[in-house]
Amino acid sequence: MARARKIPGLEGEITFSEAAARTVEIRAQEIFSFADGVLDTSNPERVHDMRVATRRLRAALEIFAPCFPKSEHKELLREVKKLADALGERRDPDVQIDALLTLKAELGQGERAGVNGLVAEIRARQARGNELVEAAIEHVGELGLEQRLIALAQGAVPS
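Numbering-wise, the numbering used here puts 113 at position 113 of the sequence shown, and it's gapless, one number per residue.
It cannot be assumed that every hint is accurate.
Calculated cross-link-like contacts (lysine-lysine; reagent style BS3-like; alpha-carbon spacing at most 25 angstroms) [what the hints assert, rightly or not]:
id, residue 1, residue 2
1, 70, 82
2, 81, 6
3, 81, 70
Now the in silico label distances, taken between C-beta atoms and shown as ranges [what the hints assert, rightly or not]:
id, residue 1, residue 2, range
4, 42, 121, 15 to 21 angstroms
5, 70, 134, 30 to 36 angstroms
6, 82, 105, 35 to 41 angstroms
7, 45, 109, 26 to 32 angstroms
8, 3, 88, 18 to 24 angstroms
9, 11, 74, 26 to 32 angstroms
10, 62, 2, 30 to 36 angstroms
11, 102, 158, 50 to 56 angstroms
12, 72, 111, 49 to 55 angstroms
13, 3, 116, 31 to 37 angstroms
14, 105, 81, 35 to 41 angstroms
15, 55, 138, 20 to 26 angstroms
16, 14, 102, 22 to 28 angstroms
17, 14, 55, 22 to 28 angstroms
Keep in mind that the hints were calculated from the coordinates and are not lab data.
In this text, all values refer to a predicted model and were calculated from it rather than measured experimentally.
Ideal placement from N, C-alpha and C gives every residue a C-beta, glycine not left out.
Start from the sequences and build out the full structure, keeping to the hints where you can.
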């Protein structure tokens with residue numbers, strides 16, 4: 001799993017709104033740094049890393065909510081949650097497939113056939129989840145979500 005990016009300047013004495021601005025900007029950039037390759041089902045770590053990054057950003061947006069204009073904050077938080085939900089639809093089958101493949105290695109030949117059938121069903125869910133992720137990434141791109149989050153951060157209300 002990718003480590004959270006360090007947020008420069010949080011060590012010194014800064015205001016709550018300055019911390020909000022720096023944190024939200026870095027966390028927004030972090031999410032979109034994982035977009036390349038996120039649809040590659042042979043590398044499920046990209047979707048995992050992007051999903052974790054959305055959780056970090058959601059937490060920051062919720063903690064620092066008083067620093068941002070309410071209506072825009074609410075809308076952007078809602079869009080981040082939608083992206084996280086789509087990533088979850090893809091990530092859950094990834095985890096299930098990995099667990100079943102690990103189990104399969106410990107089973108006898110007859111039981112493996114059953115596991116193979118189950119894996120095939122879950123791969124179909126994984127493909128549907130991938131379609132949701134692809135649509136969500138396209139949607140947030142059309143919305144300019146990353147740029148809007150950075151603009152929100154830069155306009156943090158002094159506390």
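Hint check:
Restraint check: the Cα-Cα separation between residue 70 and residue 82 comes to about 18 angstroms, which is no more than 25 angstroms; the hinted pair holds. Straight-line distance between C-alpha atoms of residue 81 and residue 6 comes to about 23 angstroms, which keeps the hinted pair within the 25 angstroms bound. Distance hint between residue 81 and residue 70 is fulfilled; the C-alpha atoms sit about 16 angstroms from each other, no more than 25 angstroms. Take residue 42 and residue 121: their Cβ atoms lie about 19 angstroms apart, and the range 15 to 21 angstroms holds.
In this structure, residue 70 and residue 134 meet the distance hint of 30 to 36 angstroms, their C-beta atoms being roughly 31 angstroms apart. Roughly 37 angstroms separates the CB atoms of residue 82 and residue 105, a value that falls within the hinted 35 to 41 angstroms. Taken as a hint, the range 26 to 32 angstroms holds for the pair residue 45 and residue 109, whose Cβ atoms sit roughly 31 angstroms apart. Evaluation of the 18 to 24 angstroms hint for residue 3 and residue 88 yields a pass: the beta carbon distance comes to about 21 angstroms.
Distance hint for residue 11 and residue 74: a CB-CB separation of about 31 angstroms, consistent with the stated range 26 to 32 angstroms. Checked against the hint of 30 to 36 angstroms, the C-beta distance between residue 62 and residue 2 comes to roughly 21 angstroms, which is inconsistent with it. Residue 102 and residue 158 have their C-beta atoms about 52 angstroms apart, which keeps the hinted 50 to 56 angstroms range intact. Checked against the given bound of 49 to 55 angstroms, the beta carbons of residue 72 and residue 111, roughly 54 angstroms apart, stay inside it.
For the pair residue 3 and residue 116, the supplied restraint of 31 to 37 angstroms holds, since their beta-carbon distance comes to about 36 angstroms. Distance hint check for residue 105 and residue 81: the Cβ-Cβ separation is about 37 angstroms, which falls inside the suggested range of 35 to 41 angstroms. Between residue 55 and residue 138 the beta carbons are some 21 angstroms apart, a value that agrees with the proposed interval 20 to 26 angstroms. Under the hint 22 to 28 angstroms, the C-beta atoms of residue 14 and residue 102, about 46 angstroms apart, miss the expected range.
Separated by about 24 angstroms at the C-beta atoms, residue 14 and residue 55 satisfy the suggested range of 22 to 28 angstroms.
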